[in-house]
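K.L.:
If you want the building blocks of each chain, they are given just below.
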Amino acid sequence: MQVYLPIAELSVDVFLLLGLGGLIGFLSGLFGVGGGFLMTPLLIFIGVPPAIAVATQSTHVVASSVSGVLAHWKRGNVDVKMGAILLGGGFVGSTLGVGLFTVLRSIGQIDLVISLSYVVLLGTLGVMLMLEGARAMMRRRSQSRPGKLHSHNWAHGLPLKTRFRKSRLYISALVPLAIGFGVGMISSLMGVGGGFILVPLMIYVLGMPTSVVIGTSLFQIIFVSANVSFLQASQNQAVDLVLALLLVAGGVIGAQFGGRLGAKLPGEMLRLLLGLLILCVGAKLLIDLLVPPEDIYSLGLS
Amino acid sequence: MSQPSASLRPTAPRPRPTRPRRLARVLLGAAVVALIALPARSVSLVADLSSYLVAITTGFSGEDVLFFGAVDGPGDIVVVLRGPDGEQQVLRKSRVAGIWMNTARMTFEQVPSFYAVAATRPIAEIADQTVLRSLEIGLPNLKLALPAALASSNIAEQWRAALIRNKQDEGLFAHELAKVTLRDDRLFRTSFYLPPNVPVGYYQAQVYLFRGGQAVSAQTIPLSVSKVGLEADVYLFAHTRPSIYGLVAVAFALLAGWVAHAAFRRN
Chain A
1 MQVYLPIAEL SVDVFLLLGL GGLIGFLSGL FGVGGGFLMT PLLIFIGVPP AIAVATQSTH
61 VVASSVSGVL AHWKRGNVDV KMGAILLGGG FVGSTLGVGL FTVLRSIGQI DLVISLSYVV
121 LLGTLGVMLM LEGARAMMRR RSQSRPGKLH SHNWAHGLPL KTRFRKSRLY ISALVPLAIG
181 FGVGMISSLM GVGGGFILVP LMIYVLGMPT SVVIGTSLFQ IIFVSANVSF LQASQNQAVD
241 LVLALLLVAG GVIGAQFGGR LGAKLPGEML RLLLGLLILC VGAKLLIDLL VPPEDIYSLG
301 LS
Chain B
1 MSQPSASLRP TAPRPRPTRP RRLARVLLGA AVVALIALPA RSVSLVADLS SYLVAITTGF
61 SGEDVLFFGA VDGPGDIVVV LRGPDGEQQV LRKSRVAGIW MNTARMTFEQ VPSFYAVAAT
121 RPIAEIADQT VLRSLEIGLP NLKLALPAAL ASSNIAEQWR AALIRNKQDE GLFAHELAKV
181 TLRDDRLFRT SFYLPPNVPV GYYQAQVYLF RGGQAVSAQT IPLSVSKVGL EADVYLFAHT
241 RPSIYGLVAV AFALLAGWVA HAAFRRN
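In order, the protein sequences belong to chains A and B. Its first residue numbered 1, the first sequence is counted upward by one per residue in UniProt numbering. Its first residue numbered 1, the second sequence is counted upward by one per residue in UniProt numbering.
Zero decoy hints are in this set.
To list a few chain A residues with every Cβ distance to chain B over 10 angstroms, as calculated:
#1 18
#2 163
#3 264
#4 272
#5 277
To spell it out: a stretch of chain A is covered by chain B in this simulated footprint if at least three of its residues, at any positions, have a beta carbon under 8 angstroms from a beta carbon of chain B; those stretches are:
#6 4–17
#7 244–258
#8 289–296
FYI, nobody ran anything at the bench for these hints, they're computed from the structure. Computed from a predicted model, the values in this text were never measured in an experiment. For each residue, glycine too, the CB sits at the ideal point set by N, CA and C.
Based on the provided sequences and hints, a complete structural model is requested.
P.N.:
Structural data, given as structure tokens:
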């Protein structure tokens, strides 16, 4: 059954979209990630214009983050103060990002920037995850060795020191502000929540306890993605609600199944698999950039 | 016989014609009557189409538009269907540090969003280049010029060819000439396929009757391609009230997330 997407101006099979939403939902439930970084490239592969894919995906991110954060909120795993500061940076970063997006789109470079950003991020992330997964598997076979609780680094020497009670931290507010800014920028250019960048930064740079990291990152992602969604719709008219609706419907169901399977598999193996998957998507995007195009000419905005 | 009821009816030996076909027959009949009734000199061509509105609905997956009509004697029929003109940017890639990126762009000012031609014979046999060019019949005769200051003529020709090629790949410029069938030098019919990605707007179909290399009669028929129903509402909403649309998008996402959470709370 074909459905016509009014903003993408494209006729796509409903079940393909529901299936895609379901698949990504399944993976996000399985691996505990947002899945935006896989959804956007897949939408591009099926022919959705990159700009529409990115903008619509940010709406999808809001929906999936809300359902995720509610569970964490109940368990008290959200550091609202940290979240608010990250959010402050995130708002500025994402607003500038959407502005940059508009400019890049008008000069015909947005597709390249989206693809390149994905190649770089997915490549780095995939390698990191696979290395970590492999290391963890080997470590478990030999002997487990406890790491330091948290270390002092350059981030502790900056001004504007603030106490974050829930995270049991006393660090400069500039660091989360800068992190929020950077991730907000990436989020608006790539149509992702940015959890996969935010979470490692919160753990390794800020030194936050793992228990509050997921809830807090989801908390800030909701607001940043909502901001991106709103700006993409109002500035670029690039949010396709029909597409978003189908992806969300598929994603909600998929996530439930993914979550159940994920609870049964060992974490290291999951990380190894996720790393592999991410590398494959990144490689496909990279190949598309490197292989000479069939036609060096293409149509731009009309 | 798998369908005994059909075989009992002597008047329906063949499968029933599809709806546009039946409609075409009725209208065609009317056109012939009109043509015969009128003095032959004043009107030598009458044409019409199956529907003046192509509605892009939720299930839209392309549509055939049927043109038909009658003429008062031998001649060649040419039908040109074109979508609204607009600016069109064309981008060219080149390799920069191993990566293929857009490095040049040109903007054509008056490009029809859709273009297709149907004729009884290859158009070169119907009329000569000058006539075809003045009427913009056939892709090579379409006026698609770049501002002279931007590109020399051979470079401009490459961009023009690229524009046409890409529009053809999108199915918006017809690859081939469609066939107009003319019966007994009286009745003609042809159809154009509008693909799912057909741009919206007011289209114009020019129907020409050629005799001795000259267009002796012509008729313009308007055709509207527009989104209707939910698709139209969403599109219009997104473009006329972008801020409110944005708020609705966010509200929808928040609600969807909450519903998802509530629905699976037990797990």
